[in-house]
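K.L.:
Chains as they are written, first to last, in the working numbering: chain L, 1 to 380; chain Z, 381 to 540.
No incorrect hints appear here.
Dumping the calculated DSS-like pairs for lysine-lysine here, alpha-carbon to alpha-carbon at most 30 angstroms: (1) Z:K503 / L:K292; (2) Z:K436 / L:K49; (3) L:K292 / Z:K426; (4) Z:K476 / L:K49; (5) Z:K426 / L:K368; (6) L:K36 / L:K276; (7) L:K314 / Z:K476.
Just some of the chain Z residues that point at chain L, by a computed CB distance under 10 angstroms: (8) T387; (9) R420; (10) L424; (11) K426; (12) M429; (13) V430; (14) S431; (15) D442; (16) S444; (17) K450; (18) R451; (19) F467; (20) G468; (21) E488; (22) P492; (23) I525.
Please keep in mind that the hints were generated in silico from the structure rather than gathered at the bench. Computed from a predicted structure; not experimentally measured. Built from N, CA and C at the ideal position, the CB exists for glycine as well.
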Amino acid sequence: MITVYKAFQLVLGIIFSGFILFFLIQYASDYSSFGKTKQSLTVLNNLKKTSESVYFSGNPVVFNDTKMFDFSSCEIAWNEPEPPAIKCDFGEISPVSLPIFPHFEDRKESIIDAEEIDYGWWRFRFITALPEMHVIFIPEDIEDKTWNIMKNLTRIFPDTQNFHVKITFGFCDGNTLLENICGGKPCEREAFLKVLDFYRAKASPCNTALEKNYILVTVSQSCRQARISQGICVKPVSPEMGYIYTPRSQDIFVYKDPVDILALIIGGNEEDILGKSSGEKLYHFKNTLLLKNLAIAAEFVREKSYILRSEYQKRCDPQHNPESIYCRCYPLYNQLYSKLGNVMKHTGNDYTKYGEMEMLKLALEESKSIYADLIKNGCE
Amino acid sequence: MEYIFMTFFVIFVIALLVLFLGWWNVMHIGTERTRSMDDRALFLAKHLMVSPFFVKERFAFDDSLLTGMKRLESSGKDICRELNKIFGSNWYFEVKIADGEEENECTEFVYPDCNYWSFCKSKSLEKERITRYIYTFPVNVYRHITQKYDLALLTVGVYE
Numbered sequence: 001m002i003t004v005y006k007a008f009q010l011v012l013g014i015i016f017s018g019f020i021l022f023f024l025i026q027y028a029s030d031y032s033s034f035g036k037t038k039q040s041l042t043v044l045n046n047l048k049k050t051s052e053s054v055y056f057s058g059n060p061v062v063f064n065d066t067k068m069f070d071f072s073s074c075e076i077a078w079n080e081p082e083p084p085a086i087k088c089d090f091g092e093i094s095p096v097s098l099p100i101f102p103h104f105e106d107r108k109e110s111i112i113d114a115e116e117i118d119y120g121w122w123r124f125r126f127i128t129a130l131p132e133m134h135v136i137f138i139p140e141d142i143e144d145k146t147w148n149i150m151k152n153l154t155r156i157f158p159d160t161q162n163f164h165v166k167i168t169f170g171f172c173d174g175n176t177l178l179e180n181i182c183g184g185k186p187c188e189r190e191a192f193l194k195v196l197d198f199y200r201a202k203a204s205p206c207n208t209a210l211e212k213n214y215i216l217v218t219v220s221q222s223c224r225q226a227r228i229s230q231g232i233c234v235k236p237v238s239p240e241m242g243y244i245y246t247p248r249s250q251d252i253f254v255y256k257d258p259v260d261i262l263a264l265i266i267g268g269n270e271e272d273i274l275g276k277s278s279g280e281k282l283y284h285f286k287n288t289l290l291l292k293n294l295a296i297a298a299e300f301v302r303e304k305s306y307i308l309r310s311e312y313q314k315r316c317d318p319q320h321n322p323e324s325i326y327c328r329c330y331p332l333y334n335q336l337y338s339k340l341g342n343v344m345k346h347t348g349n350d351y352t353k354y355g356e357m358e359m360l361k362l363a364l365e366e367s368k369s370i371y372a373d374l375i376k377n378g379c380e
Numbered sequence: 381m382e383y384i385f386m387t388f389f390v391i392f393v394i395a396l397l398v399l400f401l402g403w404w405n406v407m408h409i410g411t412e413r414t415r416s417m418d419d420r421a422l423f424l425a426k427h428l429m430v431s432p433f434f435v436k437e438r439f440a441f442d443d444s445l446l447t448g449m450k451r452l453e454s455s456g457k458d459i460c461r462e463l464n465k466i467f468g469s470n471w472y473f474e475v476k477i478a479d480g481e482e483e484n485e486c487t488e489f490v491y492p493d494c495n496y497w498s499f500c501k502s503k504s505l506e507k508e509r510i511t512r513y514i515y516t517f518p519v520n521v522y523r524h525i526t527q528k529y530d531l532a533l534l535t536v537g538v539y540e
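Okay, chain L solo, but in the shape it has when bound:
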């Protein structure tokens, strides 16, 4: 028969066991969620380091670790006064000092590549981290500016020829998806650029049902708000500039370089709780970053022009050697100094206004042209 003492021992044992088990389970679950977060942040840190290597070397790589967890909540965001950070639901990594434009899908590998916009006297170099995707163009006319924008946009994407993560290009015309048009296979960047050289035909709006990783890019003069239900609509106004429309009814974006279009494409149309799409946020991030960096670069190069103008002018002897490098160069540095002043003035413009961006674009083209003259004359 069980005594009171034995019963007491049993009850005490059960209480203590329950107590210990409770804390063990709680600790294990906290630690396991902490462990998963730590692993996800480690993967993001590795992505940052890999992006840095790609930035410095220029060699694209495939990053496999994004297959391990869901990074679809991650986006690049400002972290002022420090450099930007990659912010996710589970945490963030910072500083991210290099311009990175990432797009993450749930458990997909990414291809990381470096591209740049060349302004002559400065280059804006940036990294893209993209999953496998298929860019489908719908050109609604055969104008030169339509084909120009398709070529410029295609060049900004990575060339995935030697990689298993593919970014391919094609057309859609009504119910017909023209994808395997490069020798019966999907076109990657270089092959598609060759296709664009000899193929020119207009297409009608795409009615084909497409998977999630198909990105539709309509190029048309009749783009307007809420005209399209998926992808983006690009309306070229001049060979280099125009407007971009998204499925959200109130959005019109100005593009002045293909990276503006790229930001809206890779960001996507998924909205956050405030109703802002990821593409919109990436577009604003890209323009704020570019204009900040451009302002700093213009200021530095302008000061350089000032210094060199003075030094070259001192050394120029027009009477004895009017064709000397000093006499050829100092007027050009003087012009560059003046033009970069215009560039600096316009970097403060509103990037969502076409007219203001047109002024910036003009100032950039003028300064690029003078820099080309500097190179031609052996000054740079």
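Fit chain Z to the given chain L structure using the hints.
P.N.:
Leaving out everything else, chain Z in the frame of chain L:
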């Protein structure tokens, strides 16, 4: 009675284990911090050597760009604050031409007869005992006036 002792012993061991794991994580965080500062210093050095803000071409600084930045600094502009937005804070860099001469800091008035540029180096760094991570690398400097390349040393420092 023995069971009670055993129970308390088991609880004691588990508590020790928890404390040990906690201590291990704290040590790991400290090591991680040191490694991340080190990585940052190396990253800054690599970035400076190829950044179009400072170089004429990869690994070749542009002496007129650097002197232009010094001119901006002397006009009262806080260029470090601008650079901090790109590169972060608590860092500095110096470029010294390897000519065996004394340091002669470049300004617009002595250019091009100068051999040293220093940016964002706080004077208090020399006096205070602050942990610093410093790397020095050989680089080139393109001298615009003579149109020649000189060998130089780039020193990058990151501090807490």
